[in-house]
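2 protein chains.
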Amino acid sequence: MSKKTSPLYMKIKNHILQHIESGAWQGSMRVPSENELVKKFKVSRMTTNRALRELTDEGYLVRLAGVGTFVADLKAQSHPLEIHNIAKEIIERGHEYSAQVLTCGTLKASAQQAFKMNIEEGSEVFHSFIIHKEQNIPIQVEDRFVNPAVAPHYGDQDFTEITPYEYLMSIAPLQKVEHVVKAIMPSTEIRDFLKMGQSEPCLLLERRTWTKGNVASIAQLYHPGNRYELSGRFKP
Amino acid sequence: MSKKTSPLYMKIKNHILQHIESGAWQGSMRVPSENELVKKFKVSRMTTNRALRELTDEGYLVRLAGVGTFVADLKAQSHPLEIHNIAKEIIERGHEYSAQVLTCGTLKASAQQAFKMNIEEGSEVFHSFIIHKEQNIPIQVEDRFVNPAVAPHYGDQDFTEITPYEYLMSIAPLQKVEHVVKAIMPSTEIRDFLKMGQSEPCLLLERRTWTKGNVASIAQLYHPGNRYELSGRFKP
DNA sequence: AAGTGGTCTAGACCACATC
DNA sequence: ATGTGGTCTAGACCACTTG
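In order, the protein sequence lines correspond to chains A and B. Counting from 1, one number per residue, gives the positions in the first sequence under the working numbering. Counting from 1, one number per residue, gives the positions in the second sequence under the working numbering.
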């Protein structure tokens with residue numbers, strides 16, 4: 001579970017990220033130059049260059065040749081896909097929310113899951129499988145895998161009282177979210193859970209969240225195409 | 001249009017990308033090792049390493065220490081909802097973009113369209129119907145209605161040269177965007193245009209844009225579910 | 001043992017921006 | 001003139017996989 005020893009460029013990246021994420025280095029403040037980091041960390045310039053270049057590629061920094069390196073302005077616009085909380089959404093519509101927990105335990109990560117979560121194949125992960133209902137009608141099937149290193153007590157929660165998303169948010173702030181939206185034909189299993197007709201499509205939202213550099217969770221959220229849509233509003 | 005002189009690592013990246021995108025290097029074939037590229041391009045190993053590492057970060061390659069570097073299995077994944085420009089998206093993937101304009105003219109707004117655009121029923125609006133293709137394969141059907149008060153010359157444009165989105169952006173900055181994402185079964189018409197199979201679902205993106213307080217345009221963007229997905233990444 | 005990728009060093013030259 | 005980032009070299013050591 002312990003990393004060997006992280007590479008030097010990674011230590012420098014983390015050092016800078018901590019200052020950015022703690023808010024110590026705000027807005028478009030200047031960050032130390034390559035040569036300043038060379039002295040501070042006693043490494044070669046190639047190493048500081050790699051650290052700063054990768055953080056730039058990742059959108060944390062902006063660099064100007066001849067000028068310096070600066071913290072990127074974080075875009076304050078709202079997001080096309082708000083991270084939304086299905087329970088909150090339903091309750092805000094004034095409807096009754098309920099959840100049915102079909103599975104909540106541990107299992108060994110498959111190769112694909114391990115790859116997505118950046119952990120070792122066969123290591124134990126939490127798995128929950130939950131049906132979310134609006135007015136007692138199924139509206140979302142949530143198939144989720146959780147990294148125990150991030151949420152060691154995930155398996156002990158009562159997910160009829162708190163949604164997995166709410167629980168995960170309560171124990172660690174999330175750093176980054178990746179969404180993929182697909183239209184698919186559901187498996188018979190998913191179709192039955194959602195009480196869908198024969199030839200209705202599913203809106204599938206695949207979500208991956210990061211906390212402190214680790215993948216916290218991967219989830220597949222299935223919705224009946226004829227009863228659910230995603231919407232978002234934002235300014236460019 | 002001419003670049004100054006591209007850096008060496010970029011030349012190596014392009015060399016490899018060309019082989020991948022031409023299909024010469026398929027599936028998960030092995031690509032030349034760092035040392036082989038050092039000899040071929042007469043550069044230092046740090047340079048070939050950077051080329052291969054960046055292509056790996058970009059998802060084109062997969063590397064295994066002690067084994068080799070291989071072409072990644074590519075999935076035709078689209079980019080964030082923030083980018084609303086299908087042509088740019090396709091070109092950035094290094095693929096060929098083309099458009100087929102089936103309709104471009106005016107018609108009288110239906111009650112529903114008039115309501116969505118906040119104009120009077122029966123007033124004239126522009127209407128365009130365009131098929132967008134990636135490598136000559138249809139990837140999006142765009143059914144769009146445009147407010148003439150915002151874009152009086154919309155009907156005169158050649159949308160094989162500029163996409164409706166690019167044109168609208170060029171004449172007026174947009175203020176607000178609304179998105180709705182749905183999974184639907186396509187009409188036979190849409191299915192034929194997208195060359196989809198019998199029981200494949202569509203990913204439908206409905207978009208409404210505002211300029212200076214007026215609705216500039218409403219659009220329905222249909223995508224084949226098995227060949228298109230929407231993805232997004234952001235920090236909270 | 002040989003080859004691979006992963007990392008790192010201690011220099012170097014350049015174009016550019018600022019003082 | 002000085003400092004900045006952008007690039008590049010010619011070595012090096014390591015952990016790893018394969019024959």
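Hints are computed from structural coordinates only; laboratory data are not their basis. From a predicted model like this one, the values you see are computed outputs, not experimental measurements. In this text, a Cβ means the ideal position worked out from N, Cα and C, and glycines have one as well. A portion of the hints provided could be inaccurate.
Said to hold, decoys possible - Mimicking BS3-like on lysine-lysine, the simulated pairs with C-alpha atoms at most 30 Å apart in a straight line are:
no., chain 1, residue 1, chain 2, residue 2
1, B, K40, B, K13
2, A, K108, A, K133
3, A, K11, B, K13
4, B, K133, B, K116
5, A, K116, B, K42
6, A, K40, A, K88
7, A, K88, B, K88
8, B, K11, B, K40
9, A, K13, B, K11
10, A, K40, A, K11
11, B, K133, B, K11
12, A, K42, A, K11
13, A, K13, B, K13
14, A, K11, A, K116
15, A, K116, B, K40
16, A, K40, A, K13
17, B, K42, B, K13
18, B, K116, B, K88
Unchecked claim - If you want a taste of the chain B side facing chain A, the calculated C-beta under 10 Å gives, among others:
no., residue
19, T56
20, D57
21, V67
22, G68
23, F70
24, V71
25, K182
26, A183
27, S187
28, K195
29, S199
30, I218
31, A219
32, H223
33, P224
34, Y228
Quick rundown of the hints versus the structure:
no. : hint              : in the structure
1   : B:K40 <-> B:K13   : 13 Å, holds
2   : A:K108 <-> A:K133 : 28 Å, holds
3   : A:K11 <-> B:K13   : 27 Å, holds
4   : B:K133 <-> B:K116 : 28 Å, holds
5   : A:K116 <-> B:K42  : 37 Å, violated
6   : A:K40 <-> A:K88   : 47 Å, violated
7   : A:K88 <-> B:K88   : 36 Å, violated
8   : B:K11 <-> B:K40   : 12 Å, holds
9   : A:K13 <-> B:K11   : 27 Å, holds
10  : A:K40 <-> A:K11   : 12 Å, holds
11  : B:K133 <-> B:K11  : 28 Å, holds
12  : A:K42 <-> A:K11   : 12 Å, holds
13  : A:K13 <-> B:K13   : 24 Å, holds
14  : A:K11 <-> A:K116  : 23 Å, holds
15  : A:K116 <-> B:K40  : 35 Å, violated
16  : A:K40 <-> A:K13   : 13 Å, holds
17  : B:K42 <-> B:K13   : 15 Å, holds
18  : B:K116 <-> B:K88  : 28 Å, holds
19  : T56               : 12 Å, violated
20  : D57               : 7 Å, holds
21  : V67               : 16 Å, violated
22  : G68               : 18 Å, violated
23  : F70               : 14 Å, violated
24  : V71               : 17 Å, violated
25  : K182              : 5 Å, holds
26  : A183              : 4 Å, holds
27  : S187              : 14 Å, violated
28  : K195              : 16 Å, violated
29  : S199              : 6 Å, holds
30  : I218              : 14 Å, violated
31  : A219              : 15 Å, violated
32  : H223              : 8 Å, holds
33  : P224              : 9 Å, holds
34  : Y228              : 8 Å, holds
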